[in-house]
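Here the protein sequences come in this chain order: A and B.
According to my numbering, the first sequence holds residues 1 to 228 in order.
According to my numbering, the second sequence holds residues 1 to 228 in order.
FYI, nobody ran anything at the bench for these hints, they're computed from the structure.
Chain copies aren't distinguished; within one or between two, either way the pair holds.
Derived lysine-lysine pairs resembling DSS-like cross-links, with alpha carbons at most 30 Å apart:
1) Lys11 / Lys179
2) Lys150 / Lys124
3) Lys23 / Lys154
4) Lys60 / Lys179
5) Lys210 / Lys124
6) Lys211 / Lys150
Keep in mind the model is a prediction, meaning the values are calculated, not measured.
There are 2 protein chains.
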Amino acid sequence: MRSFALLGAPKTSWPLNLPNQLKQAQSEGNILIGVDRGSLLLKEMGLAANLAVGDFDSLKKSELFQVEKAVPDVRYSVPEKDLTDTELALWYAFEDYQVEFLTLVGATGGRLDHFLANLFMVLKPQFRQYAEKLAIMDQQNLIRFFNAGKHTVKKMREYNYFGVISLTAIEGLNISGAKYNLGNYSNTSPVSLSSNEFLPNQDTFKLSFKKGLVAVIQSRDIIRYPNI
Amino acid sequence: MRSFALLGAPKTSWPLNLPNQLKQAQSEGNILIGVDRGSLLLKEMGLAANLAVGDFDSLKKSELFQVEKAVPDVRYSVPEKDLTDTELALWYAFEDYQVEFLTLVGATGGRLDHFLANLFMVLKPQFRQYAEKLAIMDQQNLIRFFNAGKHTVKKMREYNYFGVISLTAIEGLNISGAKYNLGNYSNTSPVSLSSNEFLPNQDTFKLSFKKGLVAVIQSRDIIRYPNI
Chain A
1 MRSFALLGAP KTSWPLNLPN QLKQAQSEGN ILIGVDRGSL LLKEMGLAAN
51 LAVGDFDSLK KSELFQVEKA VPDVRYSVPE KDLTDTELAL WYAFEDYQVE
101 FLTLVGATGG RLDHFLANLF MVLKPQFRQY AEKLAIMDQQ NLIRFFNAGK
151 HTVKKMREYN YFGVISLTAI EGLNISGAKY NLGNYSNTSP VSLSSNEFLP
201 NQDTFKLSFK KGLVAVIQSR DIIRYPNI
Chain B
1 MRSFALLGAP KTSWPLNLPN QLKQAQSEGN ILIGVDRGSL LLKEMGLAAN
51 LAVGDFDSLK KSELFQVEKA VPDVRYSVPE KDLTDTELAL WYAFEDYQVE
101 FLTLVGATGG RLDHFLANLF MVLKPQFRQY AEKLAIMDQQ NLIRFFNAGK
151 HTVKKMREYN YFGVISLTAI EGLNISGAKY NLGNYSNTSP VSLSSNEFLP
201 NQDTFKLSFK KGLVAVIQSR DIIRYPNI
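Isolated chain A, as found in the complex:
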């Protein structure tokens, strides 16, 4: 099951052909989650979320009514809460809907404190268990998360570049089978080891580390500006 949650960041960062991707995912039995304004955005592209989560304070009454009419499961959060709407959505997706993998879209661009809240979410003890079942995707980037151990990272087609980002202190990091390899790297602070590349004709690289949590961001140069 490959489910999606749409957040409220500007459409300019959306993956290309997002409506079609989401439509197909839902038709194959995956669930779509609208996070706050994302619920309305799904509605506007002719899709109904299976689940909507938010305080919906950015929606007009008439817009919220549309969402409530279209979505079978609407869960209201309160603004002064410990968890963000996205964290609540993640929790419901994995615990109540038992999704196997969740991709966040509309989570980049826009207000960067929001993006960083999404990026750092998996560092919270209660969400760390979902780290390897979560992705963040936009028009140029695919972000995956990895716990300590040995990993083979598979290239997404046309995404030739990648960066390895330790979101915490890191110990004993190795990168092999890539353009720039690295052995037994440690750092006490977060660091973005950016601008690495898959080798030509090779669609994986190897990543291992002993301690920490790492994001791998696969990326490509922009292909075209979206129609907005």
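Chain B: place on chain A using the hints.
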């Protein structure tokens, strides 16, 4: 002296009226730095960088020639280097040009491993001294960095929202005079305390912490999509 460095991220994220802002800054005696493709982008908006830094591998020969003709100080980096082009630019700006404050633009959006390399740059021991003299600005966000101590954060006009992001472990964080205050907060991992707000009719909030490095991201909802 308020100097600027233009990086190569997509124009969609640029601050509004960037060419005019840069032109005025330069006319007031501040320096403009072009980082890699940013040097060409400055040229295209009718401005010549005072300093250009990069490996320029994304530029055609004719484009690089244009940059070399227009810019009095061009410094070439090598792709397999320990420092990113932006880090080199920062170093030259503060050490050789003795700038008092440097704002990075064109540093957000685009490839997110690049953005995170810029965000985490001040965590590196050799760059930590510049943390409070550095900002990252785009169309919706202004990022400032703070070392441990007591700070009064001034609101940028029309930027009603802010987030406090610890980029490291944090100890004894206090936020006061804001919509959501916080007392003696600690965390062993980075965290984005997002979606806070300045109080109405108040143009500062107070921030203090004992240990760590914090980014404050002031933001606003998008006003319009830029003409691109």
